[in-house]
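2 protein chains.
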Amino acid sequence: MSAGPHGAGPRNPGIATRGETVPTVPPAETAADAVDVSALLERGRTLATPVLREAVDRLAPPMDTVAAYHFGWIDAEGNPADGDGGKAVRPALALLSAQAAGRAPEVGVPGAVAVELVHNFSLLHDDLMDGDEQRRHRDTVWKVHGPAQAILVGDALFALANEVLLELGTVEAGRATRRLTRATRALIDGQAQDISYEHRDRVSVEECLEMEGNKTGALLACASSIGAVLGGADDGTADTLEKYGYHLGLAFQAVDDLLGIWGDPEATGKQTWSDLRQRKKSLPVVAALAAGGPASERLGEILAEDAKSSDFENFSEEEFAARAALIEEAGGREWTTQEARRQHAIAVEALESVRMPQEVRAQFTALADFVVVRKR
Amino acid sequence: MSAGPHGAGPRNPGIATRGETVPTVPPAETAADAVDVSALLERGRTLATPVLREAVDRLAPPMDTVAAYHFGWIDAEGNPADGDGGKAVRPALALLSAQAAGRAPEVGVPGAVAVELVHNFSLLHDDLMDGDEQRRHRDTVWKVHGPAQAILVGDALFALANEVLLELGTVEAGRATRRLTRATRALIDGQAQDISYEHRDRVSVEECLEMEGNKTGALLACASSIGAVLGGADDGTADTLEKYGYHLGLAFQAVDDLLGIWGDPEATGKQTWSDLRQRKKSLPVVAALAAGGPASERLGEILAEDAKSSDFENFSEEEFAARAALIEEAGGREWTTQEARRQHAIAVEALESVRMPQEVRAQFTALADFVVVRKR
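Those protein sequence lines, which keep their order, are chains A and B.
At the far end of the first sequence sits residue 376, using UniProt numbering, and the numbering has no gaps.
At the far end of the second sequence sits residue 376, using UniProt numbering, and the numbering has no gaps.
Some clues are possibly wrong.
Not everything, but these chain A residues come out facing chain B in the computed CB check (under 8 Å) [said to hold, decoys possible]:
1. Ala60
2. Met63
3. Leu123
4. His125
5. Ile151
6. Leu152
7. Ala156
8. Ala159
9. Glu163
10. Val171
11. Ala173
12. Gly174
13. Asp189
14. Ala192
15. Ile195
16. Arg202
Hint data in this document are derived by calculation from the structure and do not stem from the laboratory.
Cβ coordinates follow ideal geometry from the N, Cα and C atoms, glycine included.
Construct the entire structure; sequences and hints are all you get.
Rendered as structure tokens:
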């Protein structure tokens with residue numbers, strides 16, 4: 001039951017209560033325990049990356065170079081680099097979903113690439129809009145190459161995503177592009193919500209979940225179904241796989257929100273109390289504020305003061321730790337942990353209503369487990 | 001032979017040599033003289049605008065409002081407005097192209113709307129990248145609503161364009177989206193070239209034409225074929241209609257470049273010597289620089305000085321007039337005028353190899369004529 005090098009973990013997600021295991025799933029599916037998640041993620045990377053690189057190579061200079069920098073294939077000086085390409089959960093899902101439709105994983109590759117292109121289009125634009133200077137331990141594109149290149153290359157990756165799918169020339173490619181377009185619209189809606197919430201004192205738990213569903217759920221939903229769509233699955237099957245992916249995305253984001261406050265900086269590569277430093281209205285915060293009671297009220301007062309503070313960046317470790325403790329005392333950490341489990345359970349349950357090879361179901365389940373037990 | 005209220009003009013384009021007519025087309029096509037171009041443009045507006053507004057209404061707040069401001073439907077305070085929606089050449093072309101395939105003009109409407117959405121996506125992003133503060137006599141979106149909204153709403157319009165086509169759910173819609181994606185990639189390439197040329201002392205005539213083909217030709221090409229594609233035309237027909245639209249776009253841009261220097265400010269709504277004030281390396285400038293001879297060399301020296309000047313914005317009318325005179329003396333104005341005619345002729349000739357109702361051909365031809373004789 002030990003975690004692999006990429007964090008492939010035990011069957012039962014034990015987030016926050018590390019070491020403990022919580023029986024949230026029926027025993028029939030423990031086949032997921034035997035799945036090598038690292039190998040699954042690696043397969044997605046291995047099959048998708050060459051096609052992704054070929055697509056990016058089609059961009060005219062200097063956009064090809066800027067995109068290669070963004071993906072971590074070269075450094076700011078243009079020298080080859082072996083950057084952190086992320087966890088690659090989306091490509092793994094796209095390939096699996098082709099297998100869910102009884103097809104070879106390769107059938108999902110254009111879908112995996114298109115989803116990665118849309119994901120990275122949104123990162124390029126969001127980093128610029130949010131003024132974020134770092135991504136994956138490196139300066140962001142707008143910081144290195146300027147705002148115009150961040151806009152332009154983002155646009156180009158979005159267009160490439162459609163191109164990669166539509167050049168297949170099949171009816172299925174049209175259906176897949178339509179679903180990807182819907183996910184992209186949700187991504188954009190989520191970013192619009194994120195921006196508008198920044199200017200507000202209070203955000204409800206429901207608003208936060210809706211925003212996270214748009215920003216994270218919709219594209220994981222698309223990744224989880226696009227291979228099946230390309231493989232000829234009917235809309236009902238695709239919708240159910242989308243449901244799995246959407247709730248997987250919400251579980252993923254709940255864990256992300258926990259790691260953003262209590263994550264180990266060595267593992268996450270982020271600062272301690274990262275989301276608190278950025279005043280993010282993430283799930284633990286909004287849940288704590290909504291909980292009521294003395295700790296919740298005290299937290300609300302402190303965060304209202306913080307919002308007005310001009311010296312916020314210079315706050316000490318202890319000051320952030322005190323805020324994190326209040327969030328925990330108000331129940332924000334526990335609520336978010338339960339929320340991750342709840343979304344994980346909905347995702348895994350959705351798989352039950354799709355006919356697919358038992359091995360593929362076990363792999364989908366293992367990926368869902370991985371998402372909630374990961375430490376980074 | 002007098003121009004209508006929207007500038008519908010005589011059969012033979014007489015740009016620059018106003019009043020004169022130049023017989024560039026065979027007499028068989030003079031049916032174009034009888035076409036009411038204003039009515040053609042108005043039909044495009046009337047059929048496309050409601051569908052465009054319905055599409056934009058799907059955007060989540062505040063993106064719907066920002067987009068409505070961009071389109072001129074509301075003012076900066078949110079009050080209804082009746083803004084200048086542009087010449088609406090693209091919707092007119094999309095509707096005509098459905099008729100070229102023997103279908104009703106309405107078949108082209110989703111194509112007209114998708115093309116308009118892509119065009120406006122590019123305007124939103126380009127204005128931000130270029131730092132342009134005015135468009136259609138109004139403050140640009142980034143100036144009124146901030147850079148983040150300009151990026152976000154641009155992205156949303158791009159996504160909507162795909163949505164409007166793909167929700168038709170037909171094989172033709174997939175083909176149309178693929179062509180629109182190709183045109184969008186060209187738009188992005190053109191903007192990348194435009195940005196890179198700004199930092200260079202010299203741009204060749206070929207580079208300028210390539211950039212203008214990408215920025216203007218590709219989307220007019222798509223507009224001229226998308227209705228036919230939606231109407232079931234084969235790829236050969238669509239390619240030929242694209243050829244018409246591409247060269248129409250180059251003619252359009254050549255005229256735009258002439259108006260950008262010698263246009264009547266009353267008609268164009270721009271400042272005198274507008275493109276010179278912006279140091280644009282437009283066709284008359286690059287052609288004049290490439291021509292050689294004393295005026296060309298003198299112009300090169302002056303523009304090199306200008307590029308270093310910190311007082312450029314305060315130059316007098318006379319100083320810009322002197323530069324315009326040198327461009328003309330070096331042959332830049334005459335070359336660009338001839339280029340507009342040359343591209344117009346290629347566009348009209350392309351129509352010859354597509355079977356279509358004679359009336360539709362006359363309308364396509366009349367639109368090409370309109371594009372080169374327009375004064376704004």
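How the hints compare with the structure:
For the restraint placing Ala60 (chain A) at the interface with chain B, the shortest Cβ-Cβ distance is roughly 5 Å, inside the 8 Å limit, so the hint holds. Hint status for Met63 (chain A) relative to chain B: holds, with the closest Cβ pair at about 6 Å, below 8 Å. Interface hint at Leu123 (chain A): violated, since its Cβ lies 13 Å from the closest Cβ of chain B, which is beyond the 8 Å cut-off. Look at His125 (chain A): its Cβ gets to within about 5 Å of chain B, closer than 8 Å, so that hint holds up.
A least Cβ separation of about 5 Å between Ile151 (chain A) and chain B falls short of the 8 Å threshold, and the interface hint therefore holds. Checking Leu152 (chain A) against chain B: minimum C-beta separation of about 6 Å stays under 8 Å; hint holds. For the restraint placing Ala156 (chain A) at the interface with chain B, the shortest Cβ-Cβ distance is roughly 5 Å, inside the 8 Å limit, so the hint holds. The criterion of a C-beta within 8 Å of any C-beta in chain B is met by Ala159 (chain A), whose closest approach is roughly 5 Å, and the hint holds.
For Glu163 (chain A), the suggested interface contact is upheld, since its CB lies about 5 Å from the closest CB of chain B, less than 8 Å. A distance limit of 8 Å between C-beta atoms decides the matter here; for Val171 (chain A) the minimum to chain B is near 6 Å, and the interface restraint holds. At its closest, the beta carbon of Ala173 (chain A) sits 7 Å from a beta carbon of chain B; the interface hint therefore holds under the 8 Å criterion. Interface hint status for Gly174 (chain A): upheld, as the beta-carbon distance to the closest one in chain B is roughly 3 Å, under 8 Å.
Taken as an interface hint, Asp189 (chain A) checks out: its beta carbon lies about 5 Å from the nearest beta carbon of chain B, inside 8 Å. A cut of 8 Å between beta carbons decides the hint on Ala192 (chain A): the least distance to chain B is about 6 Å, and the hint holds. The interface hint given for Ile195 (chain A) holds, since its Cβ lies 6 Å from the closest Cβ of chain B, which is under the 8 Å cut-off. Nearest Cβ of chain B to the Cβ of Arg202 (chain A): about 18 Å, over the 8 Å cut. The hint is violated.
Going down the numbered hints, you'll see the structure goes against 3, 16, while the others check out.
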